[in-house]
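Peer 1: Protein chains in written order, with my numbering: chain A, 504 to 684; chain B, 504 to 684; chain C, 504 to 684; chain D, 504 to 684.
Hint data in this document are derived by calculation from the structure and do not stem from the laboratory. Just to be clear, a hint being listed does not mean it is correct.
Note: identical chains are not told apart, hence a pair may lie in one copy or across any two.
[Stated by the list, open to error] Straight-line Cα separation of at most 25 Å, DSS-like style, residue types lysine-lysine; simulated pairs:
id: 1; residue 1: Lys682; residue 2: Lys565
id: 2; residue 1: Lys671; residue 2: Lys661
id: 3; residue 1: Lys682; residue 2: Lys568
id: 4; residue 1: Lys649; residue 2: Lys555
id: 5; residue 1: Lys679; residue 2: Lys568
id: 6; residue 1: Lys506; residue 2: Lys565
id: 7; residue 1: Lys568; residue 2: Lys506
id: 8; residue 1: Lys661; residue 2: Lys649
id: 9; residue 1: Lys661; residue 2: Lys682
id: 10; residue 1: Lys506; residue 2: Lys679
id: 11; residue 1: Lys565; residue 2: Lys555
id: 12; residue 1: Lys568; residue 2: Lys555
Protein chains: 4
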Amino acid sequence: MVKIVGIGGSLRAESQSQLALNLAALRVRSLGAEVEVLDLRQMNLPFCNGEKEFPDFPDVAKMRKAVAEADGLILATPEYHGSVSGVLKNALDLMSFDQLSDKVTGLISVLGGQSNSNALNDLRVIMRWVHAWVIPEQIAIGQAWKAFDANGNLLDDKLSQRFDEFAKSLVESTQKLRKAA
Amino acid sequence: MVKIVGIGGSLRAESQSQLALNLAALRVRSLGAEVEVLDLRQMNLPFCNGEKEFPDFPDVAKMRKAVAEADGLILATPEYHGSVSGVLKNALDLMSFDQLSDKVTGLISVLGGQSNSNALNDLRVIMRWVHAWVIPEQIAIGQAWKAFDANGNLLDDKLSQRFDEFAKSLVESTQKLRKAA
Amino acid sequence: MVKIVGIGGSLRAESQSQLALNLAALRVRSLGAEVEVLDLRQMNLPFCNGEKEFPDFPDVAKMRKAVAEADGLILATPEYHGSVSGVLKNALDLMSFDQLSDKVTGLISVLGGQSNSNALNDLRVIMRWVHAWVIPEQIAIGQAWKAFDANGNLLDDKLSQRFDEFAKSLVESTQKLRKAA
Amino acid sequence: MVKIVGIGGSLRAESQSQLALNLAALRVRSLGAEVEVLDLRQMNLPFCNGEKEFPDFPDVAKMRKAVAEADGLILATPEYHGSVSGVLKNALDLMSFDQLSDKVTGLISVLGGQSNSNALNDLRVIMRWVHAWVIPEQIAIGQAWKAFDANGNLLDDKLSQRFDEFAKSLVESTQKLRKAA
Chain A
504 MVKIVGIGGS LRAESQSQLA LNLAALRVRS LGAEVEVLDL RQMNLPFCNG EKEFPDFPDV
564 AKMRKAVAEA DGLILATPEY HGSVSGVLKN ALDLMSFDQL SDKVTGLISV LGGQSNSNAL
624 NDLRVIMRWV HAWVIPEQIA IGQAWKAFDA NGNLLDDKLS QRFDEFAKSL VESTQKLRKA
684 A
Chain B
504 MVKIVGIGGS LRAESQSQLA LNLAALRVRS LGAEVEVLDL RQMNLPFCNG EKEFPDFPDV
564 AKMRKAVAEA DGLILATPEY HGSVSGVLKN ALDLMSFDQL SDKVTGLISV LGGQSNSNAL
624 NDLRVIMRWV HAWVIPEQIA IGQAWKAFDA NGNLLDDKLS QRFDEFAKSL VESTQKLRKA
684 A
Chain C
504 MVKIVGIGGS LRAESQSQLA LNLAALRVRS LGAEVEVLDL RQMNLPFCNG EKEFPDFPDV
564 AKMRKAVAEA DGLILATPEY HGSVSGVLKN ALDLMSFDQL SDKVTGLISV LGGQSNSNAL
624 NDLRVIMRWV HAWVIPEQIA IGQAWKAFDA NGNLLDDKLS QRFDEFAKSL VESTQKLRKA
684 A
Chain D
504 MVKIVGIGGS LRAESQSQLA LNLAALRVRS LGAEVEVLDL RQMNLPFCNG EKEFPDFPDV
564 AKMRKAVAEA DGLILATPEY HGSVSGVLKN ALDLMSFDQL SDKVTGLISV LGGQSNSNAL
624 NDLRVIMRWV HAWVIPEQIA IGQAWKAFDA NGNLLDDKLS QRFDEFAKSL VESTQKLRKA
684 A
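Based on the sequences and whatever the hints tell you, model everything.
Peer 2: This is the structure we're talking about:
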């Protein structure tokens with residue numbers, strides 16, 4: 504069985520990218536995968552300053568361990584200024600090839616405005632840089648403020664179906680590609 | 504006379520992107536421009552959480568004010584994982600169209616490995632997103648650990664000349680394009 | 504007065520990117536600029552094979568001359584497979600720094616599906632590579648099949664206004680930035 | 504056994520991207536895969552004009568058939584103006600999801616100047632757009648004019664090793680990911 508770690512790139516209390524991440528996690532879990540969601544709002548991470556170890560911030564080691572032990576990743580980012588959030592990029596900067604290489608990754612972005620794939624494109628190249636896989640299925644949710652109901656469920660059936668395909672591809676391709684396999 | 508603000512995206516004590524930024528600032532200043540360098544290592548910025556105001560972090564307001572009053576920007580980033588550093592992206596996320604639109608921007612990236620323009624490309628699209636100008640002249644310093652001498656001067660004449668062209672273009676095009684002009 | 508050359512990247516008889524290009528040309532002309540539209544459907548260009556001269560294809564020299572004498576450019580591309588069309592990229596490949604450097608460029612893309620800025624991002628980096636300027640204003644027309652009426656006019660007022668802003672910025676910034684100025 | 508099709512994006516007689524493609528093809532073949540190289544210099548392809556069929560250009564159908572029957576692809580492009588060549592992009596534009604989806608793809612770029620990954624980044628996003636896989640291993644050959652000896656062999660051992668890793672990853676991941684599998 505595959506292990507997937509999800510990381511959300513928003514610190515907003517009512518973050519829609521966290522909603523999207525949780526939804527993707529649910530779908531992935533329902534396919535039998537083990538899923539751990541790292542909620543950066545609950546963690547205390549420093550800005551990356553190029554140091555290797557961060558003894559004052561035990562959450563760095565916790566995040567690194569979780570990712571190192573995973574087979575795959577879900578990265579969900581709000582699109583800020585046409586790219587990945589600094590919060591998520593900084594979390595990635597705190598890790599290295601040791602944790603990130605060979606992971607099979609699925610990407611989600613969430614925007615206030617019209618749908619767009621800039622943040623997803625940047626993340627795709629970033630994850631390649633650390634020698635990870637990125638699945639072709641990706642999800643960009645435009646006008647995210649009207650995508651979810653009060654319970655965090657998707658209002659649009661087609662989008663919901665896209666999450667199903669995303670989860671299925673992530674689990675199946677992680678099974679095929681993971682290092683140990 | 505034009506006002507330029509420089510922001511460096513590394514928190515490392517011996518940061519080469521800060522060296523590169525300071526060098527560019529010197530060249531720009533020698534052309535008669537007023538230059539202020541915001542050293543994020545000396546500032547206390549929070550992670551962007553989507554809030555508009557950050558009363559506990561007066562450096563947010565200080566950065567916003569400095570950028571709002573500038574005509575142009577120099578952004579210098581280390582290339583981490585094939586893109587802009589999370590530190591710099593987060594600083595940009597803390598600002599909005601109010602501060603960033605219409606600024607004339609010059610971009611610098613610094614890499615440990617072979618020269619590459621990924622971080623510069625991402626920054627170019629990010630700055631367009633906030634409706635800023637980005638000058639065609641850009642500087643990517645590969646193998647940065649051997650680019651500077653002990654006094655922070657460039658060892659390569661061609662690279663030094665590139666800084667001159669960068670500074671000249673930034674000052675001249677800011678004079679031509681700035682909003683007030 | 505500034506001279507602008509427009510190039511459209513579609514060879515389709517009923518091309519919507521050509522409609523968009525013609526519309527932008529009209530708006531730019533109404534601001535007093537001289538505009539020449541190069542319709543690649545009417546021209547006979549070869550595939551770029553790395554040769555410098557193409558004596559059998561006089562349209563290469565014609566295109567190069569028109570672009571060399573221009574101060575600014577409008578590039579309009581259909582978004583094929585999430586990027587610029589091969590037709591337009593090949594036309595650019597047939598030119599070099601001699602023609603393209605320092606041109607002030609405005610970018611338009613046209614898509615059948617949902618709006619997206621991939622082709623515009625790629626073109627922005629391509630034009631920087633040849634040391635051209637690209638204005639921050641850019642236009643991506645999604646679901647282009649319902650954007651125009653039978654006379655080639657825009658059905659959406661906001662989009663029409665965007666063309667006005669695009670034309671105004673292109674003309675004004677070309678006046679400010681052009682080499683001769 | 505997997506079937507791989509290679510397509511080179513240069514029409515130059517002494518093309519180094521064709522050399523690189525042939526070399527990659529050899530390494531892939533030596534791992535037991537079936538490899539067919541489509542040399543666009545020997546084929547007669549039209550510019551893509553949005554038509555579905557090209558009865559006057561039988562090479563379109565030939566290329567489509569070869570790609571449709573393949574499990575994986577090698578795309579080798581010269582980097583022109585900081586992106587994929589128009590020649591290669593046009594060849595891709597002549598195909599669609601029918602041929603390109605689900606293919607496992609390896610990317611190579613060749614530059615006259617300093618190594619860079621712009622063309623590879625653009626190709627990565629393009630291939631994702633058509634729902635193909637792109638392997639993390641990629642090859643950018645800078646200063647390609649001094650990369651090969653007179654027999655088309657690589658002069659640099661590290662680069663040669665990179666071709667080995669590229670070939671190994673392409674064959675192994677195609678075995679794991681191909682649709683039929």
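Peer 1: Each of the hints needs a verdict: does it hold here or not?
Peer 2: Here is what the structure says about each hint:
no.	hint	result
1	Lys682 <-> Lys565	within (21 Å within a copy, 37 Å between copies)
2	Lys671 <-> Lys661	within (15 Å within a copy, 38 Å between copies)
3	Lys682 <-> Lys568	within (16 Å within a copy, 33 Å between copies)
4	Lys649 <-> Lys555	between (41 Å within a copy, 21 Å between copies)
5	Lys679 <-> Lys568	within (22 Å within a copy, 27 Å between copies)
6	Lys506 <-> Lys565	within (16 Å within a copy, 43 Å between copies)
7	Lys568 <-> Lys506	within (13 Å within a copy, 39 Å between copies)
8	Lys661 <-> Lys649	both (14 Å within a copy, 22 Å between copies)
9	Lys661 <-> Lys682	between (33 Å within a copy, 23 Å between copies)
10	Lys506 <-> Lys679	both (13 Å within a copy, 19 Å between copies)
11	Lys565 <-> Lys555	within (14 Å within a copy, 30 Å between copies)
12	Lys568 <-> Lys555	within (14 Å within a copy, 34 Å between copies)
Checked against the numbered hints listed earlier, the structure breaks none of them; every hint is satisfied.
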